[in-house]
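Novice: Sequence:
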Amino acid sequence: FMKNRQLKIAVAGMGYVGLSMGVLLSQRHEVVVVDIVREKVELLNRRKSPIQDDYIEEYLAKERLQLSATMDAKQAYSEADIVIVATPTNYDSNTQKFDTGAVEEVLTQVLKWNPDALIVIKSTVPVGFTEKTRAEFKIRKLLFSPEFLRESKALYDNLYPSRIIIGTDQNDEELVLAAHRFVGLLKDGALKTDIAASVMGYSEAEAVKLFANTYLAMRVAFFNELDTYAEIKGLDTKQIIEGVCLDPRIGTDYNNPSFGYGGYCLPKDTKQLLANYTDVPERLMRGIVESNAIRKEFIADRIVQILSSKDFDQEVSKSQAPIVGVYRLTMKSDSDNFRQSSIQGVMRRIRERSISVVIYEPTLSHEAVFCGYPLVHDFEQFQKMCRIILANRYDSCLDAVKEKVYTRDLFGRD
29 FMKNRQLKIA VAGMGYVGLS MGVLLSQRHE VVVVDIVREK VELLNRRKSP
79 IQDDYIEEYL AKERLQLSAT MDAKQAYSEA DIVIVATPTN YDSNTQKFDT
129 GAVEEVLTQV LKWNPDALIV IKSTVPVGFT EKTRAEFKIR KLLFSPEFLR
179 ESKALYDNLY PSRIIIGTDQ NDEELVLAAH RFVGLLKDGA LKTDIAASVM
229 GYSEAEAVKL FANTYLAMRV AFFNELDTYA EIKGLDTKQI IEGVCLDPRI
279 GTDYNNPSFG YGGYCLPKDT KQLLANYTDV PERLMRGIVE SNAIRKEFIA
329 DRIVQILSSK DFDQEVSKSQ APIVGVYRLT MKSDSDNFRQ SSIQGVMRRI
379 RERSISVVIY EPTLSHEAVF CGYPLVHDFE QFQKMCRIIL ANRYDSCLDA
429 VKEKVYTRDL FGRD
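Residue numbers (our numbering): 29 to 442.
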């Protein structure tokens, strides 16, 4: 397979991973994306992106892609040479592992309808999952390919990938060859020419994904704890970070303080990796997860301190209700995704301290409440009614009420 011919590829799941992968590969091959949400399928078939991603929207509008969407999984998988599994694997706090049910459902369907297809898992899974599942399901033609994508920049990160990692059975020559050919497929769709690629064992590839994200979470946690120290001691956080990051071994990536790491990947991947350490000595992995919770507690405590301070009472009328406003739920300034965003943890902790919280989130313009919190859709009204406004990431639209804004965004970037 994959020898100098156009392929038929089915992609299960229309999130950041599945949609960006579908767009990338449909430049040269016939791709159909499968999803259970009718609205998303209809949008994609009208060449509209169901997620916020500038590159995807641009490619859908301009490029002549061989791309379609369907809810008919049987037809899509039956006709495919390759099935890419990009379904969600949320972390289940009760079992302390990813919920891989959606991945296993796709594997079952493909085996039933098209057992000759090559299956590539792109969903993030626990270390050992692919090898174990391959044996249980008796699937030979199975690869694991972790994704390294940023929200709202998913297609860009496929067009200009930092690296390509493929997990395979290293004792199966044909499957090793298939892994290298899949690397070639991804490179063919990319715009970057010099792309590092590595073919390794299944579990090693799974571990690469979890350790990479946990390292990024560690960076976030480190600079957040630096910021916590500086704020308590009355020091200038920005000056300290700029001085520390002049060391080229440290650099300036992931050094902008926030209310904590969040989003779809880092919270669940760090917890899953920690769960994989059950029988392995560790201290750092647990510290990363706990540090993120402590950071949210600190932010909530700071808001209470500010609201009760004498200086704050002099600036704001005491008759005004102590309402805390949340400006945007999203983790990143150019994203529409607020799954597991850190500010939600801060909101919950503030409400537990008997302080009212309201939200301004323009992507929820048709809703009245979000998880029990009132939504305010008029931005001017929102600014007036709040005594303090929380902004995980600052926006110039807040300049008029800058004295009300509490943010740890020191560098104006994610």
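Derived by calculation from the structure, the hints in this document are not laboratory data. As the structure is a prediction and not an experimental result, all values here were calculated from the model. Be a bit skeptical, because a hint or two may be false.
[Claimed, not checked] Here are the in silico distance ranges between beta carbons for each label pair: (1) 397 x 127: 24 to 30 Å; (2) 330 x 89: 21 to 27 Å; (3) 332 x 122: 48 to 54 Å.
[As the list claims (entries may be wrong)] Using 30 Å as the maximum straight-line C-alpha spacing, the simulated DSS-like pairs for lysine-lysine come out as follows: (4) 432 x 266; (5) 125 x 68; (6) 90 x 125; (7) 432 x 261; (8) 90 x 169; (9) 90 x 36; (10) 68 x 102; (11) 215 x 261.
All residues carry an ideal CB built from backbone N, CA and C; glycine is no exception.
Novice: All the hints need checking, so say for each whether the structure fits it.
Specialist: To see whether the hints hold, each was checked on the structure:
no.	hint	in the structure
1	397 x 127: 24 to 30 Å	holds, 27 Å
2	330 x 89: 21 to 27 Å	violated, 44 Å
3	332 x 122: 48 to 54 Å	violated, 31 Å
4	432 x 266	holds, 20 Å
5	125 x 68	holds, 28 Å
6	90 x 125	violated, 41 Å
7	432 x 261	holds, 22 Å
8	90 x 169	violated, 35 Å
9	90 x 36	holds, 22 Å
10	68 x 102	holds, 18 Å
11	215 x 261	violated, 50 Å
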